[in-house]
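Each protein sequence line maps, in turn, to chains Z and R.
If you read the first sequence in my numbering, its first letter stands for residue 1, the second for the next number, and so on.
If you read the second sequence in my numbering, its first letter stands for residue 114, the second for the next number, and so on.
Misleading hints may appear alongside valid ones.
[Claimed, not checked] Derived lysine-lysine pairs resembling DSS-like cross-links, with alpha carbons at most 30 Å apart:
1. R:157 <-> Z:5
2. Z:5 <-> Z:56
3. R:164 <-> Z:100
4. Z:5 <-> Z:71
5. Z:100 <-> R:154
6. R:167 <-> Z:56
No lab work stands behind these hints, which were simulated from the structure alone.
These figures come from a predicted structure and were not determined experimentally.
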Amino acid sequence: DQQVKQNSPSLSVQEGRISILNCDYTNSMFDYFLWYKKYPAEGPTFLISISSIKDKNEDGRFTVFLNKSAKHLSLHIVPSQPGDSAVYFCAASLNTNAGKSTFGDGTTLTVKP
Amino acid sequence: EAGVTQFPSHSVIEKGQTVTLRCDPISGHDNLYWYRRVMGKEIKFLLHFVKESKQDESGMPNNRFLAERTGGTYSTLKVQPAELEDSGVYFCASSQIFTGVPYFGPGTRLTVT
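Required output: the full structure, derived from the provided sequences and hints.
Below, the structure is given as structure tokens:
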């Protein structure tokens, strides 16, 4: 059974609006969470992360929120830009071992001009 | 600084044949990881090298898969004999420190017919 789930395979938003990508996990022992962005024919690129001791981390247009009680995290992109169109992976790890993360299936974000 | 490189970018082989994938990590990165993404699903961890030693190979699917990292530089992943279900994209990633966020290569798309 998948421990990290991204239930929305795709999301389409208008340029300038907010994009919200969601991720749920089942293992309460996960203590470090990451979001990766992937363009076609490229490998995933690290975007932003959050430790389980925090509930929010912000980096420019990207903010990740963590709700430990609900085992849920989300990535907010504001404002969305066409260049943000990509597949976004949520990942979770134990003991901050990011290299051995458990990934979700990914959400394809399309930002329309 | 060169990123993680993988060769070949795409390989098509018949069931029962052997294929060897190569990964060159970022220079100076002792940690090297292999992952696989099958049928557009989640990215799954396969194994982790620290220098030339296998730190964790818990994700290797079966004994048809053999990974090596002689000399602690580049790594190879051999599939012998290949089966249809081995088709997917194989990613390699590297990091400088054990808990560091890994940098991914572009992946090798393996198609077994």
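So which of the earlier hints does this model not fit? 6
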